[in-house]
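K.L.:
Spelled out from the first residue to the last, the chains are:
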Amino acid sequence: MKKRTGIFICHCGINIAGTVDVKSVAAEMAKEPGVAHSVDYVYMCSDPGQNMIEQAIKDKKLDSVVVACCSPNLHETTFRNAAKRAGINSFKCEIANIREQCSWVHKDKGKATHKAAHLTKSAVKKVQKNESLEPISVPVTRKALVIGGGISGIQSALDLAGAGYKVILVERSPSIGGHMSQLSETFPTLDCSQCILTPKMVEVSRHPNIKLMTYSEVQEVTGYVGNFKVKILKKPTYVDPAKCNLCDECTKVCPIVVPNEFDVGLTGRRAIYIPFPQAIPASYTLDDKNCPDPFTTIACGKCADVCKVKAINYDMKPEIIEEEVGAIIVATGFDLYDKENMAEYGYGKYADVLDGLQFERLCSASGPTQGKILRPSDHKEPKEVVFIQCSGSRDPELHCAYCSKICCMYTAKHAMLYKHHVHDGQAYIFYIDVRSGGKGYEEFVQRAVEEDGVIYLRGKVSKIFEENGKIKVWGVDTLSGKPIEIDADMVVLAQAMRPSNGAQELAKKLKLGTDKDGFLAEAHPKLRPVESVTAGMFLAGAAQAPKDIPEAVAQASGAASKAIGILSQERLYHSPTVAKVLKNLCTGCGMCVAVCPYDAIAFKDGKVEVNEVLCEGCGTCSATCLRAAIQVKNLTQNQVQEMILACLGG
Amino acid sequence: MVKHEDVRAEAKKLLESGKVKYIIAYELGADGWKANPVFIKKPEDVDKIIWGPTCFHNLIRFVVDEKRRKVQQKNPDTRPVGVMVKGCDSRAIVILLQEKFIERKDVHIIGVSCEKTGVIDERKLANKLKGRKAKNVEFGPDENFVVTTEEGTVDLPASEIMADRCLECIAHVPVITDVLFGEKTKRTVPHPFGSVEKIETLSSEDRWKFWSEQLEKCVRCYACRSVCPMCYCDECVADTITFAVSPDTTAEEKAQKIKWLDKSPVISENIFYHMVRAIHLAGRCIDCGECERACPVNIPLRMLNKKLEKEAKLLFGYDVGFDSEKPALISCFRDEDPEDFIR
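For the record, the sequence lines run as chains A and B.
Whatever position you read off the first sequence (first residue = 1), add 161 for the working numbering.
Under the working numbering, the residue at position 320 of the second sequence is numbered 313, and the numbers go up by one with no gaps.
Read the hints as simulated data drawn from the structure, not as lab findings.
Quick caveat, the model's predicted, so the values are computed rather than measured.
Mixed in with the good hints there might be a few duds.
Sample of chain B residues facing chain A (criterion: CB under 10 angstroms; computed from the structure) [unchecked claim]: (1) Ser197; (2) Glu228; (3) Ser324.
Note that the Cβ used here is the ideal one computed from N, Cα and C, for glycine as well.
Let the hints inform the model, and build the full structure from the sequences given.
P.N.:
Here you go:
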């Protein structure tokens, strides 16, 4: 049967028509074999434009359509839907990209017109060989997994649970709460961090829709959007939370002392511990990395002896729990840039050089000093404190190139809190710029300067060293051009934020992309900021980029609502342009199996087979196969060859 | 030193016990001094088996043929075939295993070590002998060959008449065997990619000129393809006569067959053919040099494959044909693979 293809050339205002002679392209295309209709129009994507296509399909009995316009990323769906409305299969519509790949990148009108015609011809050859395909439909598991129990993960889990969906919240440490639980007060309102966080933590623990799995890690994720299979490793805590009555007798007898992670090493904890009093779940954990201590092979058993309720069980074993979920939210948060990297600021060398989180613990009412700001070295009140911003941030040569975004604000807060505790003290802040964009943020910084007399010095610190019990800070004030020398009692570094430890490995397990700094990559920096590149996986909080609490919470809610968008569907539809094995050419060498990024290809009877639901149609297999035995539907070798010939011809 | 008697005794044992179907080995050819491939099927024929510096052939090609025959047979004899392999040939087995074309139980590998030398290059020897005819070539005690002509015996150093690929060999001892004869010697190879070093110094215009001249000569006899143990595809893009049509080939599939290149031996098609072959051998060619040896018009085909072997080694640290458990070069993407060549 003779082909009847319709061609629609878009001007895109002057975006295309300015460089491409659209009229002559339309005229040239009309002469092509199998082309029954060829027109141009100023905005094909407009309503009249779409109507034009629909009408032409009906009137001229077109069996396929090529729209020469912008990138298929933008309007392919628009035009495929138009084709469908007019009664032809949506895969009988193809886009020739004559804007991004032609008019925008060329100046010479003659040559650009020539190229546009060839791109369109090539699309005609392709569409004439396209199969009619129907989307592949799959059911949806109406349950979500949230990875990370910081404020972002908590918010996402609560939003999902509130909307009526079951949620599994996985946190690798013994308690949820994340870094926010370590903070003292939060900017710009100076409300107590724990006071606003703990109600949410309690809600998580009490919510009937949330299954909380602390001290657990995601081990493996397989499957696809709507139907993920997850393996979660539940590490043994050796304490039965149902029996534990929080009497705290065990920690009193435990002989092993290790640095306390919650106080960022400012205090010690025992091998059996509760991270902080409001921990959720409220139970103790026996840390088997430190108990028994490395010199003994068996636990001393003292904690079990004193436990009146017999909650301690040394025989607890790690468990692998398998779950099925429809959507995944990754909220793995941040860690501070490693101290070892900041040798130039004496971090790790001098006890009174602290990082931002340690200073938070000093200010915190629940901290090691009950909210009194004292020097770790001699427990005296520091009278001169130097805060250094951008410690590790904005330093592409040596450290991180990016801005950690929250340090300007929390440093101002630290200086303010310090003044509130030590009225006769003086706070200095070395800064490069003060970035205080945000509701009430600029006013907050001004308050620090005006009401609390914080001295802002624009410049970098060149050297920090100890002399006569003081920490000497040498720097320069680049506004006055004068060198600065401060005899400080304490130095606080606003360390850069970086993706949390282990985030990279998790990203690999989930097949998520990461950016150059290791933060999880969003699908589009502007228009899809909470979606990951993998369908059905969403990003929340500082795992995606440095951000403060309000932003993290907003993104967490955004991610939850995106996940609800999937979970609320009856069925999900999947593109049918998937790989297909030509059995008589396949030798079963398995190169495609090894190379498939979606694990969609498996061996079967000495050859291979494609799982159409897992296949994303990326074509990596097709490019790898030496025998052209695996090809993507509607992009077969035959079509590619015809497209190449059309591009090269004439 | 490998003793003929030992190899023959092993072959006899294998055939008598019925452990192998037959043995693919070398015998003395009709010209009286060069080896020929031979299929030994009866124990009484084992005395034909020889081993020497004229055993150029990569016998793995016959293993490939055996597998293809077996697929066609209704009740195939599933016993393994015995095959004599040099170091280079053994790597071809590794590739076939890696690509799951054969299974380990399909072959009984009789390895022979090349020890301090390798095989000779016939053309180099002919040049050296200046018209005199060789009657016998044997391994010398050191890095040399003992060549007998009508005028007597001469000792020639390996560097002068050995095949180029042996000068650049990275596997003097078979890497996978069931039984090994000869010493597990180590030899230093100063220039593992020596044959491409010179051409790499040329400008791209000069290289184009060189290859245009070389590939112009190609008569498209496909000897290189026929002799290559890696060229086992049923269908080859190079010529339509190989296109497999079976009873279950659909009309659609028949219609989809593409003629990527023309049959006629003109330069554009020749270049296309040889480029496709070289790319398809990237990470698979084990440098047995058979393509170049079989070429009737002396195209330096090894150079193309060697260049790709070098790229694989330098860019990805990939050694071809040593580990059948590892994924193939083109399917072993790693996050830390270099990307600086992407601009």
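K.L.:
Indicate, hint by hint, whether the structure satisfies it.
P.N.:
Evaluation of the provided hints:
{"no.": "1", "hint": "Ser197", "in the structure": "violated, 22 angstroms"}
{"no.": "2", "hint": "Glu228", "in the structure": "holds, 6 angstroms"}
{"no.": "3", "hint": "Ser324", "in the structure": "holds, 4 angstroms"}
Going through the hint list in order, the structure does not satisfy hint 1, though it satisfies all others.
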